[in-house]
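2 protein chains.
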Amino acid sequence: MSKFNIKSITRENIKKLKPYQAKEIPSLIKLDANESPFPVKLSEIVSGVDIPLNRYPDPEAKELKRAISKRFQVRPESIMVGNGSDELIYYLILTFGGPVLYPVPTFSMYGIIAQSVGVETVESKLDREFDIQEEDFLNLIRLKKPSLIFLSTPNNPTGNTFSAEKILKIIDVARKSNSLVIIDEAYVPFCSHKGFLPFLKDFENLLILRTLSKIGLAGLRLGYLIGDEKILNEVSKVRLPYNVDSLTQYIATYALKDFYSKIKKFIAEITKERDRMLRELSTFKELTVYPSEANFILFKSRRTNQIYEKLLKEGILIRNMSPLIKNALRVTIGTKEENSQFIETIKSILRKRI
Amino acid sequence: MSKFNIKSITRENIKKLKPYQAKEIPSLIKLDANESPFPVKLSEIVSGVDIPLNRYPDPEAKELKRAISKRFQVRPESIMVGNGSDELIYYLILTFGGPVLYPVPTFSMYGIIAQSVGVETVESKLDREFDIQEEDFLNLIRLKKPSLIFLSTPNNPTGNTFSAEKILKIIDVARKSNSLVIIDEAYVPFCSHKGFLPFLKDFENLLILRTLSKIGLAGLRLGYLIGDEKILNEVSKVRLPYNVDSLTQYIATYALKDFYSKIKKFIAEITKERDRMLRELSTFKELTVYPSEANFILFKSRRTNQIYEKLLKEGILIRNMSPLIKNALRVTIGTKEENSQFIETIKSILRKRI
Chain A
4 MSKFNIKSIT
14 RENIKKLKPY
24 QAKEIPSLIK
34 LDANESPFPV
44 KLSEIVSGVD
54 IPLNRYPDPE
64 AKELKRAISK
74 RFQVRPESIM
84 VGNGSDELIY
94 YLILTFGGPV
104 LYPVPTFSMY
114 GIIAQSVGVE
124 TVESKLDREF
134 DIQEEDFLNL
144 IRLKKPSLIF
154 LSTPNNPTGN
164 TFSAEKILKI
174 IDVARKSNSL
184 VIIDEAYVPF
194 CSHKGFLPFL
204 KDFENLLILR
214 TLSKIGLAGL
224 RLGYLIGDEK
234 ILNEVSKVRL
244 PYNVDSLTQY
254 IATYALKDFY
264 SKIKKFIAEI
274 TKERDRMLRE
284 LSTFKELTVY
294 PSEANFILFK
304 SRRTNQIYEK
314 LLKEGILIRN
324 MSPLIKNALR
334 VTIGTKEENS
344 QFIETIKSIL
354 RKRI
Chain B
4 MSKFNIKSIT
14 RENIKKLKPY
24 QAKEIPSLIK
34 LDANESPFPV
44 KLSEIVSGVD
54 IPLNRYPDPE
64 AKELKRAISK
74 RFQVRPESIM
84 VGNGSDELIY
94 YLILTFGGPV
104 LYPVPTFSMY
114 GIIAQSVGVE
124 TVESKLDREF
134 DIQEEDFLNL
144 IRLKKPSLIF
154 LSTPNNPTGN
164 TFSAEKILKI
174 IDVARKSNSL
184 VIIDEAYVPF
194 CSHKGFLPFL
204 KDFENLLILR
214 TLSKIGLAGL
224 RLGYLIGDEK
234 ILNEVSKVRL
244 PYNVDSLTQY
254 IATYALKDFY
264 SKIKKFIAEI
274 TKERDRMLRE
284 LSTFKELTVY
294 PSEANFILFK
304 SRRTNQIYEK
314 LLKEGILIRN
324 MSPLIKNALR
334 VTIGTKEENS
344 QFIETIKSIL
354 RKRI
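If you're matching them up, the sequences are chains A and B in order.
Throughout the first sequence, residue numbering follows my numbering, covering 4 to 357 in sequence.
Throughout the second sequence, residue numbering follows my numbering, covering 4 to 357 in sequence.
Because the hints were derived from the structure by calculation, they are not lab data.
These figures come from a predicted structure and were not determined experimentally.
There is no bait here: all hints are sound.
Identical copies look the same in the list; a pair holds intra-copy or inter-copy alike.
Subject to a maximum C-alpha distance of 20 Å in a straight line, what follows is the list of computed SDA-like cross-link-like pairs (lysine to any residue):
#1 267 / 55
#2 265 / 54
#3 268 / 55
#4 265 / 55
#5 260 / 79
#6 339 / 55
#7 148 / 181
#8 147 / 123
#9 260 / 271
#10 329 / 290
#11 350 / 286
Please model the entire structure based on the sequences and the hints provided.
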């Protein structure tokens, strides 16, 4: 079997680059980095936290990586943190170029960022149940030899997980085509499948993307990429040295440690409420409700625009998925009270026939 | 005179892109964005501030732009904010491609990011006083027709401002070559020249880059780009919708409003201390000290490594500029006490001849 070769898919201009050195040298008086020397502590604005905002953030995010490392049982060297997953997707595409392959419909940023960087995108249509069409997908890998393959599972905006067997097959075939597979596990915390971290040791062309955005901290902007150190070393060449600010590093570390029990409670509550919402929505004959393992539910109706507008009139904002998915709406799981109000409003809308 | 044409320097793949729409729709119950509905307030971690961290940040950073707008008397539409200036440099090069022209030595990220994106870089050597060699620079503009020209003034790491006359000449010639000129004013707050904001109305190919990093908030990561709305519209196509997190938006807004009187005091103190440091360092015959209008001073010595190491041994960290500038050291202006200790240590090092 041909060995996976990281160099052969790294763009020429990236190969020549060395990672920007922003190393820390221990000192008593720090006069090297053009910072302001006057302490600006967060506690001046909000009390209780002492972060010297006048200093640049730790470019290696050591504390934060340690917290991720402990939480997911991966080595700190196998982690790269980003200003949201979005930034990490940018870095991956900047580093490895195209073609970029992904199923559709899926998270729109894979395609948008590929276009921003200027590389070819290749799309494979999902089947009627929104699972991957294996033959088509594998053929595209063999034919196009993509540098990068993005798989969001559970998939946004459809809500389903892709077949794990198909994913493993894809990773295996991708390896032979020297393609990296990035599994975007933004919604894995809400899903019965444990995700693909255990497979990292089996596939050196596999990377996992995670985020704090769906589990309580979207305002923070923190994503992390987990995978082979050799791959991350290449990606780190295009990473801005101070891409995650001091406050985000501090709060994300806290979130993954002491605060995590609360996050787990959030996740359990969302999952329970999602299952209730699935049951309740399924009672409406007019709606086609798709299975979901995420924190949202996709459903179709012949009256999507009307439903969307009437909900909005009641102050309830959901996502109209047209034209990406025809006649489809996506509702995020809210609090128990919000969900109930949503269901009640849907009920009253559907009762009135046109 | 040929009209400056933004379209002709936008890369083909960017032209086809539309800005990602992350618009806010007013609502009572927000169930559209796959966020967690459970409030996570910063005040749970640090008291006194109420930011709903479970929600995505304002993608348009409206409050923050209003604060920048008021502070600098520019329209909010003429402002783009970034996760540090670095990110905005990335976006500019992603949008407009190369060649990218800049003087050397200067801030290293222009070249590094251009290389990351994979575009040609063109360098023009500064003269012995670290000012721009006008003929060489203008010839390179005419010959290479760069998409982007970066000028850091005051220049890092040399500390001097470039001649304003030369800069205006460059902008004018650049306009004829359809080149954008980005003046990086990171250090303008410490400088006697007021910067080039007043010239924005005269040159549609001029953009100004500013940052909070040097004036007290490096840990926050906030840069802003000010310029023609038509240009920013193109750049916004490659901007990640949530590139500046909620906390940074909140704190940066506060910094530009209520906190700004304190920032002004910092700046005044730094400027005074820089002038004292310049006087004191100039008394050492062994050192060549360069004029500075920034918050750092560049100086040369035949014993740079020795000075650097001995300072470090005393716990004082400065920047060794080799090999970028031979025999040069760069010292950031610290507190009065830190500066005095630096001067005393330098004195004791230079007293002992080898």
